[in-house]
Each structure stands twice: as C-alpha cells, then as structure tokens.
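Trainee: These two chains come separately, so use the hints to put the complex back together.
Protein chains in written order, with the working numbering: chain D, 2 to 397; chain Z, -15 to 446.
Each hint can be trusted.
Capping the alpha-carbon separation at 30 Å, the derived lysine-lysine pairs in DSBU-like fashion look like this:
#1 Z:302 to D:178
#2 D:228 to Z:372
#3 D:318 to Z:100
#4 Z:419 to Z:361
#5 Z:372 to D:178
#6 Z:61 to D:243
No lab work stands behind these hints, which were simulated from the structure alone. In this text, all values refer to a predicted model and were calculated from it rather than measured experimentally.
For reference, the chains in residue letters:
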Amino acid sequence: MDRRKFLKQSSLASSLFFVPSFVKAFEQVASTKLGYKRLVIIQLSGGNDGLNTIIPYRNDIYYKERPKLSIPKQNVLKLNDDIGFHPSLLPLKDLYDNGYLTIINNVGYPNPNRSHFRSMDIWQTGSDSNKYSQSGWIGRYLDFYGKAPYSAIEVDESLSLAMKGETTNALATLNPKALHNLSKDSYFKNISPNQNSIHLNEHNLGYLYKSMIDAKSSAKYVYERSKTVTSKKEYPNNKFGKQLKTTAKFINSHIETKVFYTSLSGFDTHANQLNTQKRLLAIYANGIATFIEDLKENNTFKDTLILTFSEFGRRVKQNASAGTDHGTSNNVFIIGEQLKRQGFYNDMPNLSNLDTNGDLKFEIDFRTIYATVLDKWLEANDKKILDKSFKKLNFI
Amino acid sequence: MKPQHIQHLYRRIGFGVLPTKLEKLSKKSRKQIINEILKTSKKVTPLKINTSEINTIINGIDKKSKLDSETRIKIQKISRKKQIELNVAWINRLSNASELLREKMTLFWANHFVCKDNNILHVQQFNNTLRSHALGDFRSFVKAIAKEAAMIKYLNTKQNKKLKPNENFARELMELFTLGVGQYTENDIKESAKAFTGYNHNLQGEFVFRSQQHYSGEKTCFGKTGNFSGDDVIDIILEQKQCAKYICEKIYRHFVNETINENHLNEMTTVFYKDYNIERLMQFVLMSDWFYDKKNIGTKIKSPIEFIVELKSTVPTKFKKHKQLIRIQKSLGQILLNPPNVAGWKGGKNWIDSNTIMFRVKLPSLLLNDAYISKTKKGENVSEIRAKKELFKKKYGKYYHTETNWNYFNKHFKNISVDHLENYLLACTISDNAKLYLNTLGKVSKQEYCVQLMSLPEYQMC
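Chain Z with its partners taken away, still in its complex shape (with noise of 0.2 Å):
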C-alpha cells in the first residue's frame, strides 16, 4: 500500500501513524492491512477509572430505594472529581489505543448517541456501551442506548409514564439517533413514546422496566400496529432504509468528507441496511477505492481531541494538572463527556473561531517548546539561537505543566531527515506563502522544525 495512503488511512480511523510504524506497514498490502486492523479492534478493552469510593456509597444503599439529597450531593460531588479523571484516562486510551479503529469509532459514536451525565458510574457505563458496541450490530446498539441509565435521564425516558407520556426520548431517537429532520411524523413520535413508558433503572446503573408504569396497548407508528415494545419500535424504525442512509451520511461526513458523494453514499447504504452491521460497513469503506481519492486526504478539520491526540500522539505530553488539559479542551472548544446539547458538536469549521484558531497555532509551542516558535535565519549561528530561546523561555516562563519526551519521537523520526519531516507531520501540502517563509528560516533541529511545522494551519487537517 502507498506509504500516502496508509498515513491517510491511519490519520481516519485513528491518529496518524509514525514513520516506523508506516515502514513496516508499506510492506503490506491495502487488504492486508485494514484486515489487521479490524481484528485488533475485535477485543473490547472497557475504560475504567478507580470508583470503588462511589461504589462502596452505592452498594450500601437498597437497591430499591431512593438516594436522600445529602447522599446525592456528596455522588455528585465525587463525580466532578472523577469526570475529570475519567477525561484524561479517555484521551490518555486514545492516544496509546491498540485498539484503534474501536476507539475511533467510540469517539465517533460519542458525537452520535450524545448524553451527559452527573453520575460518574453511569457515564463511565455508558462510554463503555459506546465502546463495546462500536463496530458490532446497529440493531442491538440502539436498543442498548435506550436502556442505558444515562440516557434515560439525560432525555427523560425516566418521566415518561403511562399517564403522562414524555416524549424527548422518542424524539431524538428518530430525529437524531436513527432517522434525521422530518423523516418521521409527530404521531410517529407520540405513539413511539408510549412503547418507551416504563423504563428506567436503579442506582447501580442497571436496566429496570417498570411494567405498571408501562403503557400496554396498542401504538400505531410508520404505519405498523401493535402492541409494541421499545425493542419493537427500535425495529420498525430501523427497517426504513432511511435509517441506513442517515448513518451512513453521518460516516461518510466523518471519516471520507464533509460533502457527500451520492454514488458513495449509496453503496454503502446498500451495505449497511443489509444487516446494519458496523464493522462490515467500516471495512467496506475503507477499501473502497473513492476513500482514497486525493479529494479526500488532508481536506479535513481536525477536532479538538483529534488534534490533541495526534499532538500527543507524535511527542508523548503528560499533564501533571489534569485541570489543564481540561481548560485546553475548553479553549478548543471541545470537552470529553461534556457536549453542548443532544445535537452535540457539529465539527468542520464550527469548531474554528478567532479564539481557537489562535489557540490552535499556538498551542504546539506552548507544551512542547517553551511557547517558542524558531523563526531563525539561515545560516544564523546556532549558539544565538540558544541563547534567544533561554530569554524567551525566561520571559514567557512555562504555562503548562507538562513531561514531554521528545526522545521517542527522535527514536520514531530517526530515519527521517528533517527536509522531510512535512511528509510525516502534515496531512496536506504546505500553502506557497507559507512555504516560501519556511525556506529563508534555517532547519535548526527536527525538534525545532516539528514545532514550526504543527504551528501552521495546516497541521490542523486531516
């Protein structure tokens, strides 16, 4: 496979790739590769942080009972706490993810199935819902989403009871989970409700169907009668073709380009609706020749969190104030486990304004080089360069609190001479007027060089 091509590949389903690993993969053939890929992320590693405090509230607690409001308090406090924890070890997993293509896919489908929660048992399961089902079956995903303690209070399947039905669940089950804007109609909604009424769960986090709060009879939805289930309605609606060509849309924007192709789009709904298996469709795109295309290599905004990671991903940062990391997310303008709204984020160019585009360009500099970009001349003496740096770093003093080993990506780039060094850092080429600047500056040191190059622009595509 072409060397371009695997970084292309490497830089959708994960986060860039470094040139050691890029080697050994140009040996392999396309097949062989996305193959080798899709059986690392069969296995399922779940994301855990240390909650056993929690836990240890919760199992003293009867599970049938209700939590009094100074217990409740003292769960959300600690649970502030260990977001933050759970944040870091997220992005912490996908920087270093073996299971690569699966990680991608739970970040993805964490824009997709959006839910926020104050509970950190139930957001930590949820993610982990998110993570098992990330490229199984579609089908067994949505129902598990609709049973899962988070979502059922974040879209208030909790309150919607029999007598009073609630429809914000059913909704955006349709609106945004499965179908999109107006492919459905308000009686849709109004009947699906009903086969939600009755689910909820219990402190621990698990499933509980409330049978008496349960509406029984009969519901008419997409033109079906019955006495369904929300299992059932989950299957009516999924067999729309719709359904399909929604997520399907929703990957191809993702991780081919933000603007559809019709002819892709349609072969892989033709793919997907067959058994609306996820890693089928996955591995159908990815071999597909279109992906390829030069259209769509280095023409996409990277997240936050993809730009982020990558960072990371390239020279290993570790964060010894993980507020820190949190605050860089903020200022991105993307915080893990903290969406805006069910919509979530709408990614491409939203996610630049003057402020994160500013931050973007600066923060390469900011962890790994004392805020310094080299701008020395050819042929200037290296020893003033020192010297420029030690005043700068002396002015500007050292922000973040960071351990940055540079040594593994001297050890990853060895063989990488610094003239060549963009072809490894950047998805896309470098623009003539930034590129003609580049040219009167003096290459100093790779390290310096990968500064300079991740303080363009055009290290934020993808």
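Only chain D is shown next, with the shape it has when bound in the complex (with noise of 0.2 Å):
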C-alpha cells in the first residue's frame, strides 16, 4: 500500500472508530503538539552491569579487578580502539554502525542509593535522591499532556509508578483482547451513566464510573485499532520479544500513544554473572533488532526513539561468587534514527578514579535525560514535569 493511500484510509478508520467525547473535550483543553513521535522505554530491572556491558578492553584496571568475570579481548565486539560490546550485542552493532545507537556513559544521580527499590523508585518518579515521590515522569507528564488513559501504554500486567501521575495514570495491558474482554461485559454499559453526565466528575463515586467508562472505550480502541496490524515479524520466542512484538503492533497501528513502557528483568547477577549476563543481553538486542526491523518496515522507526535504562550499574570488582555487587552510575542507550551525537556521546568511566565504595563516579544527571527527551522529543514543559529545571543535552 502506498503512503497516500493509507493515510487516506487510516484517516477514514479513524474517524469510523469510536472516539469519545471526552477525549475531543480534553483536546480542546491540553496544549498538545502531536506529531507522532513515540518513545519507547526499556527498563532493565534488577542493575545491569554496564562494565561488561559497554567493555573497556583495553583497561588494565578492568582485568585486574575482574578477573573472573572480565570478557577477554578477543570475544568483545570492538567499537573503537579501546572500547567494544558485549558479544551478546552483536545485534546492536549493525545500529552502532548506521548511527542510529547513542550510548550515554556515566549516568546517574547524587547521593546514590545503592537499594533496588529506592534506586528504581528515584529513576521511575525522577525525584532526588534524598526526596520521595508519589508519582511518575511520564504519569506527570500524562497529567499535563495526556489525552485518554492509551495516552501511554505499559506492556506489562499493571503499572509502574513511572507510568502513575497526579491526576492520571497509563494503561498497562499485556494483550490488548484480554483487556478487552474483560472491559467489554454488557453489564457494565448497561449500568454506566451518558459520558456527558455531569455527575461523573463529581464525587468519588462518579470518579469511578468515569474511570470504567474510560477504561472500556481505551480498551476497545486500543484493541480494535491494533487488531488491524498482523506482523510478519518473526520475534524472539521469549515474554521480552512478545511485549516488543505487541509494542510495534501498537505503533504501527497509529494508535494515538506517546510513551510505551516495557522492562525486562533478571539483572541482580551478584552470584555466576557471566552465564546469566550473556542470556539476557542476547534477549535484549535480539529483541530490539528485530523491533527495529519491524517499525522500519512500516516507517514508523524514523518517529520512535528508544531509551534504555537500569536502576543502576555494578561494582568495579567483582565479588567472591563471580558477581557483582551493587553500584551507582551506568550507560544508557538511546537509540533512533534523528540522533544528533551517535556513538559515544560522552567519555568512559575513569576507573581509576571511584568513590569510597569502590563505584563509579556519576557524570550525566538521569534526569537532564529525561528532560532532552520531554523538551525536544516529546515537546512537552520539561520543567513543570520534572519539577526542576535541568539542562538539555544536545543527542536528540
């Protein structure tokens, strides 16, 4: 099918398919730009351990400190004349090498905590290290810019607090049917009230009834727009590849969702690192190439941007049952086609220069991320939604 074409008649679907008023009275209100771009978060749960993720092989320091668990020279896939991948990532060299990969080393935040929870809590909610908060970046960007609960999907059985705002939240679905049918029981229309009552905003009660009643039409709509995509895709028979496989479903299906959140865990190798490593960075990138194929096929890459992420990165040394322990900063990916530094965009950890604990010092504030990837990606007020003003970086 040609592009004119199908504009043509994805325009016509969507004006056939169910849009609520809700929705169109919300639009009048919000100042959203849309120009369809889509991001898409990875969390890698657990801390994945970046050292032998982005490898210096040239570092003395790192065999020395490692010397169980190092990857040898001559199985790292190199990059540069010091710096290689994982072998693992071989999938991701190709993106390495068309320039649509950037890797951010050094990221993370002051006073780190070193506590899985706390550290994914400080990554999910964006808030200081020594501050707690009750809702997410993209939950409060949701709560300024979000249109309906599909605004943002979590491919996941339930919300993370990254997707949970003030005043709204996601929607998280595995699978769009089962969503749906769970929504789409006649007792539940039966007794709901008109959309346009003016009781549903009222009180408690009629919070509820507003919330099913949103719920019922995202579900519908996410399902019905989504089922007119079949991939041809062959993805990586695995829970990661099939969120990933729904994921461009949606995206290619032109389903009006900005931020689309998925994870994949299993990182805390504190004992026989090297075996569990080497499996789950295989999941990853196969994963995410075969993503990527899937969304050039159906020319929505050019729109998506990437963003990887852990709670945190591992020690320098290893530790006595050939793991790692816990650390602070790490690398994150970003990966796109409308990147403006591609590579490195920044310098390796000096390893010779760690904090008391024996970790990484941090560079890059996660959140000055964050708000790049608000301010000129999702171009949405990156300081009322991160509560502070952080300077952008210049990968996007």
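Mentor: See the structure below:
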C-alpha cells in the first residue's frame, strides 16, 4: 500500500472508530502538538552491569578488578580502539554502525542509593535521592499532556510508578484482546450513565464511573486499532520479545500513544554473572533488533525513540561468588533514526577515580536525559514535569 | 444505635458487618458498641508463620559474626517464599479478625511507618510491632519503630555513623512519620541524624546500640541543645503540637473523610496532644456525632485490601494457590508488605486507573461466580439461565483456584430478602442509571444478585 492511500484509509478508519466525547473535550484544553513522535522506554531491572555491557577492553584496571568476570579481549565486539560490546550485543552493532545508537556513559544522580527498590523508585519518579514522590515522570507528563489512558501504555500486567501521575494514569496491557474482553461485558455498559453526565466528576463514585467508561473505550480503541495490523516479523520467543511485538503492533497501527513502557528483569547478578548476563543481553539485543526491523518496514522507526536504562550499574570489582554487587552510575542507550550525536555521547568511566565504595562516579544526571527527551522529543514542558530545571543534552 | 451507623462504623474500623451481627448490635447504644470494640482490641495476637527453617540457620550463627554471602542468599530465598505466606496469613487474619480495630489500625500504620525488607524474620517482627503499638502510646510507638531491624535497614540508620552521618531516617522521621513536609529545618535533620548514630541490629533482629559509632556530643534541634539520644529527639519532636495535628490529619483522612474539616481536626488534635494515646483518640473520633455525618458515609474508595477482605468476609473464599492472591493484589495496585516506597500508597482516587477499575468490577464474578454476571431479564425462565451460565463457565473456564463458601453467606443473609440485599452490601445508594438497568433484570437468586451488586462501582465505596 502506498503512503497516500494508507493515510486516506487510516483517517477514514479513525473517524469510524469510536472517539469518546470526553477525549474531544480534553483535546481543546491540552496544548498538545502531536507530531506522532513516540517514546519507548525499556527498563532493565535488577541493575545491569554496564561495565560488562560496554567494555573498556584496553583498560588494565578492568581486567585486574575482574579476573573471573571480564570479557576476554578477543571476544569483545570492538567498536573502536578502546571500547567494545559484550558479544551478546552483536545485533546492536549494526545499529551502532548505522548511527542509530547513542551511548551515554556515567549516568546517575547525586548521593546514589544502592537499593534496587529505592534506586528504581528514583529513576521512575525522577526525584532527588532524598525525596520521595508518589507520582512517576511519565505519569506527570500525562497529567499535563495526556488525552486518554492510552496516551501512555505499559506493556505489562500492571502499572509501574513511572506511569502513574498525580491525576492521570497510563494504561497497562500485555494483551489488548484480554483487556478488551475484560471490559466488554455488557453489564458494565448498561449500568454506566451517559459519558456527558454532569455527575461524573463530582465525587468519588462519579470518578469510578468515569474511569470505568474511559477504560472501556480505551480498551476497545487499543484493541480494535491494533488488530488491524499483523506483524510478519518473527520475534524471539520470550516474554520480552512478545512485549516488543505488542509494542510494535501498537506503533504500527498508529494509535495515539506517546509513550510505551516495558521491562526486562533478572539483571541482579550477585553470583555467576557471566551466563546470566550473556543470556539477558542476548534477549535484549535480539528483541530490539527485530523490533527496529519491524518498525522500519512500517516506516515508523523515524518517529520512534527508544530509551534503555537500569536502576544502577554494578561495582567495578567482582565479588567472591563470580558476580558483582550493586553499584552506582551506568550507561543509557538511546536508539533512533534522528540522533544528533551518534555513537558515544561522552567518555567511558574513569576506573581509577572511584568513590569510597569502589563505585563509578556519575557525570550525567539521568534527569537531564529525561528533560532532553521531554523537551526535544515530546515537546513538553520538562520543568513542569520534573519540577526542576535541568540542562538539555544534545543527543537529539 | 442506627443500623446504618453501625454499618458505617464497621466499614471504617473493619471490613463491613454481616446482617446477623448487625441485628445483635442494633439493640445496643453507640457507647456500648464502641466500648466493646475497644475492649476486644485490647488483646494483641501476633501474626506468626512457621519460620523454623530460617530460625535454625540464624540460631546456628554467632550473634556477633557477619553473614557469609551464601547464607545470606539462602535466607533471602527462603524469605521470598515466606513473604507470600505471611502476606496470605495477614489477609486471612484481616478477614477473620477478632481484634478488629487493632487489625484495621495495624493496616493503617503499615502505610504510615512504611517499611519493606527481605528478611522474613525482620518483616514479621516489624509487622507485629505495628500490631502491638497500634492502639497504644504513639511516643513509644515511634521509639520502637526507630529501633526495628527492618527500619534500620530500610532507611539506612545502619549506615548512620558518627564520622559519616546518614540523614535518611532523620528526614523521613520528620517528613513522613511525625511532622509533615516543611515543618522542620535542614539543620534539624542534620542534628537529629547525629542522635540516631550507632543504631544497629543483630541477625535475630534485636536492636543493638553501637556506642563507639554514636556521636555523643551536643546537638541542637528545634531550638533545644543537649547531648540528645534518638529517644530524646523523638520526645522533642512530639513536643511540637504539629506532630499531633499531622497524625490526626492522617487518621481523619483514612477513617473519616479525605477532605479535612478543620474544626474536627482541631478537636482531635487537642485530644491527641494531651498524651498521644491512640486508643483514646480513636474512641473520641468514633464517639463523635460528626463521624456519622451523611457526607462521611459511603464516600471513600476502598483500598484494594479493604475490597478483597470485605469480599472475603461476605463470601469466604479460600485461595488454593497463594500466588494467585498475590497477583490479584498486584493487579489491584497494593501488595501487602511490598509498598512502592517509604511514602506509601497514596490512596483515594490514586488507587484507580483503567486497569484497576476494570479489574475491581470484574473480580467478584471471577472469584465467586465463574466470571458470570447475570443479565437475566425479568420474567425469563430460570432453567434457561442455568444453561446460559453453564455455557459461560465452559467458555471462560475457571481461572482462579478458589473454594467459595456460599453456605456461609446464605446463613448470615438468611433473614434478608433479596430486595434488601443492597442495603447490606453497599455503602452508598445505587446511582440512577445502574438502578434503572437493575430494575429491568430479574433477581434470580440472592447469590446472583450479590454478584451483580458486587460488580457495581458502588461496591468500591466504603
């Protein structure tokens, strides 16, 4: 199908689809500039060992501190004279060579916390490490710019804190059909008042009804839109692969969703790290590579930005169980077609200048990345969302 | 006491009341009922699961020695399984609580003194500290919490040493546990943190004071200077009337109404500030006429746990697979023993998103009625309904492995006619549209109508 024909059909289709009136009402208020730029966030849970992901293969300290864990020079996928990828990242090498990948090193925050829960919490809420927030950064983006629950979708069973705002929450679904089935029971439709009912915002019960009506129409919209697309791509047969497949389906069906969130867990490699990380990085890289091919074939890659992070990196020195303990700063991957700084955004960590715990010192606050993405990609007011002004980086 | 007021009381201090009990209670006065509630809650029954496997490991290790990583990982592994067991035991406790108010308060405090840990012994001990202080003296409560192993780990008091202070606990003590944001200076935090240096614990979870790591010099906080201990700092904080006000505010929001009434709050603060006695504060609240004001009845959104427990108390439901009960909590957005962070769950409207609301209205039928909500019209043949239901059951199968005790429901609702069922199951009146629709349907049986009512958003109110 050529592009013009497609556009024609899809605009026809969208007018046929049920667009709830409250969405329309909302549209007039929210100041959104829709360029259909989409953000995909991938969370590597457990603390991925960044130093064995992006490897300083000529650094003696690296080999000295990790006699059992370091990746031998000959196995490293060399990117330049000093740095290379973990062998499992072979599929990412293409992206790197094509200028689709930016690696930002030494990303962290002041006074790092080495607890998974807490550090993930800081990353998801975007708070200072001594503050606690009950809303997430994407959730707050939705507070200001969301049009419907499906403005942001977490491809999972339930919502992460990152996706919960002060007043607006995202939608979570692993399987749009299941969500739709859950909500389509005619009982729920029949008990609901008209969407324009004035009582819907008045009190808590009204809010429950409104949320139920929103949920039903969102589930219907997401399901009916996404079922128009069938992916021809063969994704790796694991949960992460399925999540990416679903995400691609959403994107390629052009649903009006600005942010997608998904995660891959198991990176907490205190013991026997080599095999675990090898397996997980392969899942990540193979999934991502297929995902990008899928988007490219549908001409949606150019408007998609993928951000990959983990709550912390790991200690430079290996521990006694052939693993590594919780560390601090880490690398962040930005993938997209419209990158300004391709390859390495900044220098690798300085292994001879560690903090008192033997951990890497951070250089780039993760919130400057958020601010940049919010401002330059989502065209949102980052200061309002992050409750603080952060300088912008120039990777996009 | 008016039945409607008794129902309101029990929805807030417990998880609803069955008609059989309501009938007995309605012959009593408010004072009698509340005194009985307080009296039965005097008793403390610790919540304990079998932890012998870990006890054996820990008792075999010298108290002073450190854990090797292999043992630590082993303990964590067992703990993970045991946390599920404790979670389920806690929910079962809530569904059959004899010390009702104490248990409801324990649940409340668990979202005030928010903590999370990966050692089951310390988690269980913390939970029982909440329980034993739930209706006691707030002063000793705060002091006990500061010395809990799980808290010492969670807010890094362990890393708070004289030469390298860690302010995490001192900050949250003021911001979240006692005073509220902005009611202290950064210097108060810095100085108070010094008072908590040396706080530590052993493997068994007992409090250990490491005097060589304690900063024993002078500290100045809230305008007072002295060689303060952690307990002293807590005393100084509690001297601030703001502390009493902050706690009363939280109790008001949780038990009365999310919107504060300043007059009621002031009354409560005066009562609480006198001696920080939690039981007396609750007695005052529950005895107050304003507690039973119309605007306070049926206007709160149940927490996921309140929702599950009330459902379980009405129609007892046993989960054959514990993990399914955990998953349900996850889908609803509140897993006991697993709060999002030290600020806890925000509650109210924040419980609700597209997924949780759909799951809430669908769950009763999923658990109790093979996912079936009757839509039988008035006058339709009952045998047709049965056939329809069978078909539905076959199609959607049975996802949850539960044992449902409808006999219990039937026994306790025996004297209630199907037409009056909503007065016992719902805290608020049914909205117009739902009422209109329900009127077109036949009330096939008490059981079917119960599921229909529980599938309304109205059932989410308390």
